[in-house]
Amino acid sequence: MVTENLKAKVNNLNFYYGNTQVLKNNNLPIFEKKITALIGPSGCGKTTFLRCFNRMHDLYHNNRYEGEIILYPDNINIISPLIDPIEVRMRIGMVFQKPNPFPKSIYENIAFGLRIRGIKKKSIIDEVVEKTLKDAALWDDVRDRLHSPAFNLSGGQQQRLCIARALATNPEILLFDEPTSAIDPIATGKIEELMVELKKKVTIIIVTHNIHQAARIADYTAFMYLGEIIEFGPTEKIFTVPSDKRTELYISGKFG
Amino acid sequence: MEDIKKRIKIIKFWDYLFGIVGLLSTFVGVLLLVILFIDLFIDGAARLNYKFITSFPSRFPKEAGILSALVGTTLVMFVTAFVAVPLGVMAGIYLEEYAKKNWLTNIIEINIANLAGVPSIIYGLLALGLFVYFFKFGESIITGGLALALLILPIVITATRESIRAIPNSIREASYALGATKWQTVKNHIIPYSLGGTLTGIIIGLSRAIGETAPVITVGALTFITFLPSSPIVKRFPFISFKWLFDPFTVMPIQVFNWVSRPQKEFHINAAAAGVILLIMTLLMNAIAIYIRYRFRRKIKW
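Protein sequence lines, in the order shown, are assigned to chains A and B. In terms of numbering that gives the first Met the number 0, the first sequence opens at residue 0 and continues consecutively. In terms of numbering that gives the first Met the number 0, the second sequence opens at residue 0 and continues consecutively.
These aren't lab readings, by the way, just hints derived from the structure by calculation. It is possible that some hints are incorrect.
[What the hints assert, rightly or not] Output of the computed footprint for chain A on chain B, the stretches with three or more beta carbons under 8 Å from beta carbons of chain A:
(1) 159 to 173
(2) 176 to 185
[Said to hold, decoys possible] For lysine-lysine, the following DSS-like pairs were computed, each having C-alpha atoms within a straight-line distance of at most 25 Å:
(3) B/K50 / B/K61
(4) B/K298 / A/K97
(5) A/K103 / B/K186
(6) A/K97 / B/K181
(7) B/K186 / A/K120
(8) A/K119 / A/K133
(9) B/K298 / A/K103
(10) A/K198 / A/K130
(11) A/K103 / B/K181
(12) B/K181 / A/K120
(13) A/K32 / A/K199
Remember, predicted model here, so these are calculated numbers, not experimental data. Cβ coordinates follow ideal geometry from the N, Cα and C atoms, glycine included.
Please put together the full structure from these sequences, using the hints given.
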């Protein structure tokens, strides 16, 4: 583990919803251009953990972070109140559990991220729309109907559109919150392929309910239980020789 | 076996009976409106013509028309919309998207709910004290418009809030996750997606205001007026004049009220005819509201 490859590092992260502590003293390295999966039973805090990375919790009241998430190479603590959450979200993108395209055209969905960054030139936006749709393996499906509503797409296509939307602004890290849980198996396969392809360009953190998905695509896996990261390591090791009893029980389907 | 069949028969009878009673109850509402409209129409039919719309009120029922009332209502509604829409929409957006949930917000919310229930004459009294006596706007179009704007403000706020609340949170999160600020999210998503519901609420509010009589009488609208307010467009620079805002006026419901209270039978015909026109105006506004709602619902689904 060389620091050069480190994209982010979580140090002693605690998180509270009001007075309830949801994340307890978590530590985790995130390696650059790798896929890191967070697995664990429902309610263990995986999504809460993920949403710390783009300060989503700042949108709601009475939430409190403690500890740090250091983003490299600039070495800033992205959960510090001194850092503007807008800046963090401009650098770290997110794809949600349920596809949530805007009720606008396919084109406008992708253009939005550029427009809010002050990019107005049509030629640039056109170019980015085409490029990101290609990156999201959606270009061939939609090239003839870029200006038709995004809601006419199937669920899997909508999710790929959301991935394209997140990619359009060149994020350094892309967060996936159970991106395939609302999607059929064939579309899921396509999105998994896409994620493996995307890691050439971007660091990926994915929360998944499906341990097989983690085994298929993740380079590193962290197992979370009751708000704590119990075990972290290369995916192969976690799935073959877990060192903690709870990890082993979860992996083998004894609980979850 | 026979027992069960008998039992089912009795239960089914009640089923049937409720269906009939329910249907009749529903028809009371529909029939009332239809009968009301037909009755008014029959009474007023004799006067429903172009001349009626383009004539001023007169001592002679046959020559009297609703021109000044129609123009007055239009101008007052213009002032009402101009004031109530931006205020109501901005307050609604603020309460939904910006306000923190604390005791102060709660008090404001309760107050707005209560405002919607305040009798309209109270708004008239408020406008009389505030706009006529304090600001010295006189018994004018602007005073009437402002009084009605206050009256429908809670309706506009509530409609705006409800249509904003219908936007799923996942859409907000998608926008924020891309790095949008609050205003960028509101401008590009919240306002456009809630526009259908907001517009519907605005029109419902205006169609309520158009029929209000009490507050307009309270602020001193005239009942007999044979001239139009000054023109908003003038020949000299800057070509636009706001003098009309301070002119005396009358509105449709007052004109109806005035004619009904006359002893001569012929004026009652005028009242019915003007009632028909007022009713058509209201129904038309409601129809537009329904159409807008339909259009937006079809365009946006979550």
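Legend entry - Hint check, failures only: Checked against the structure, no hint fails, so every one of them is satisfied.
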